[in-house]
Structure formats: C-alpha cells, structure tokens
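J.: Sequence:
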Amino acid sequence: MTFFRFSLVAIFVQFFVQIQAQKLVQEQNQIWVGYMTSTRLSPRYSWWNDTHLVPHGFFVLRTGLTRNFQPSSITAGYAYLLLPLSAEDQSLKRREHRPWAQIQATFPLPNGFSVSNRIRYDARFRQTVSNGELSDGYSFVNRLRLLISVRKSINVPDQAAWKPFVSLNEELLVNFGKEVTFNSFDQNRISLMVGASRANVQLQIGYMSRFVQTGYQLFVNNHTLVMWVTHRIGDSSKPRHEENVTE
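Residue numbers (our numbering): -9 to 237.
Treat the hints as calculated values from the structure; they're not laboratory data. Incorrect hints may have been included.
[Unchecked claim] Label-pair distances were calculated between CB atoms; the ranges are: (1) N58 - D126: 36 to 42 Å; (2) I21 - G102: 26 to 32 Å; (3) G102 - Y197: 21 to 27 Å.
[Claimed, not checked] Subject to a maximum C-alpha distance of 25 Å in a straight line, what follows is the list of computed SDA-like cross-link-like pairs (lysine to any residue): (4) K83 - T204; (5) K153 - V23; (6) K168 - V202; (7) K83 - N212; (8) K142 - M217; (9) K153 - L182; (10) K83 - N19; (11) K83 - V170; (12) K153 - L193; (13) K153 - A95.
Ideal Cβ placement from N, Cα and C applies to all residues, glycine included.
Please build the complete structure, drawing on both the sequences and the hints.
T.: Okay, here's the thing in structure tokens:
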C-alpha cells in the first residue's frame, strides 16, 4: 500500500500545479478510440498489443511481453506513434519511437471494489521539428507515469452474460532528465468510465479530462469521449481489472 499512498500524494501535487495554471488553459474536445489484446502464451507469460487513435491528438501502435505474478505483472515493449506536427498543424506526421516498461498491481477490496496501481517508464524518441518542418533527427526525453484506478463491480444475477462496472482513474505524467527545460509536468488524466465484461471481451466508454502542458505556462484541457475494447485471447479465467495501457 506504500505505492498507493505515494500515488495519492503525486495526484495532490499535480492538482496544485493544475489550479495555478487555470487562467492559461485552452479548452478543446476530442474522441479517443482504442483496441487492446492480451494473448496468453503460458500460465506466466502473455503478449500485449494495443492501438489507439485520437484525431489531431495521436496514433499509437504498441506491443509488449508481460510476465504475470500475483497480484502484479511486469510488461516491457515498444511503441510507434504519430503525433501532431505543431499546435497550428495538427496532422499526425511526427514520428515517435518509444521503448517502454511498467509494473502494475491490482488489489481486491470489500464490497466489489478493487484498486489498481501502475508505474510506467517511457523512453521517448520524437522526430525533431524546425521552423514548422520535420527533420531527420530525433530528440529524447524520459517520462514517468503514475496511475491509480478504483473500480466497482455492479451486482447482477450470476446468470447475466455481461458483468458491468464503473471505474475512476487518475494518471500523472512527468518528464525528467537533462533534456527537460520548462515542463517537468507533462500532463494529467482523470477519467470516469463505465463498462462491462463478457467472457474474454471488455467494453468501456466514458469521459476523460486530459490536461496537457504544451509550452511555457501554456496548457490545453482536452475534454475526451473515450471508447475502448479489450480482448483477452486464450485465457478463460475470470475477467480482471484491466487498466493496462494508454498513450
């Protein structure tokens, strides 16, 4: 539970930063669609793949190998992204290569609740932009991500095919290393999702506020409609708390 307390402290710190910057915030609307698969390779290993699209925001293709423990898992892999060229030109032309790794743990709580904590590291190699034009070079930045997710299962009859749930999620993303200049704070995401699981398929829809720093004391609050599908292949066990991968 130490990780749980640390996550809460981090969330309150970022909330203070967010409040201080309110007068510099631009508001905009987005749609985020995602499809995720977890393919069981053995009792201890699985292969993760996911793809996400936010028009004018980002496109992600990601893969990783997961080592499953109880109640935690470790995943490492690679992601390829397309990002907006600039604030003025939001076409997804800028490439990013991103090795990544994470550790995640989920703990059951009484009355149908569960809590999931995750720490992820992103090694971000982004194509450089000069005078509004792409170049052949790449810049590098480290990014650390702290996620906490609380989920409540909704009681339904045992024979019901779909098992509904609701989840509240908060993720803080921070940059670090000598390459970082003004924006150690990268972004914060808070979302309220409703969903349902049936056999090996999980559907989620909800709202996310994605609060992003785009420049020196410049921020964008993206009001985002989120629609995700998670498909677990070759695993007939009970559906788990799946809050595994986002951009």
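J.: Does each hint hold? Answer for all of them.
T.: Comparing the hints with the structure gives:
Range check, N58 to D126: about 40 Å between beta-carbon atoms, so the 36 to 42 Å window is met. The hinted window of 26 to 32 Å between I21 and G102 holds, with their beta carbons roughly 30 Å apart. For G102 and Y197, the Cβ-Cβ distance of about 22 Å falls inside the hinted range of 21 to 27 Å, so the restraint holds. The hinted pair formed by K83 and T204 meets the criterion: a straight-line CA distance of about 17 Å does not exceed 25 Å.
For the suggested pair K153 and V23, the alpha carbons sit about 21 Å apart, so the restraint of at most 25 Å is met. At roughly 21 Å between alpha-carbon atoms, K168 and V202 fall within 25 Å of each other, so this suggested pair holds. Proximity of K83 to N212 is assessed by CA-CA distance (about 20 Å); at most 25 Å being required, the pair is judged to hold. This hinted pair checks out: K142 and M217 have alpha carbons roughly 19 Å apart, not beyond 25 Å.
Restraint check for K153 and L182: satisfied, since their Cα atoms lie roughly 17 Å apart, inside the 25 Å limit. Proximity of K83 to N19 is assessed by CA-CA distance (about 20 Å); at most 25 Å being required, the pair is judged to hold. About 23 Å separates the Cα atoms of K83 and V170, which keeps this hinted pair within 25 Å; it holds. For the given pair, K153 sits about 10 Å from L193 by alpha-carbon distance, which is consistent with the 25 Å threshold.
For the proposed pair K153 and A95, the alpha carbon gap of about 22 Å is at most 25 Å, so the pair holds.
No hint from the list above goes unmet by this structure.
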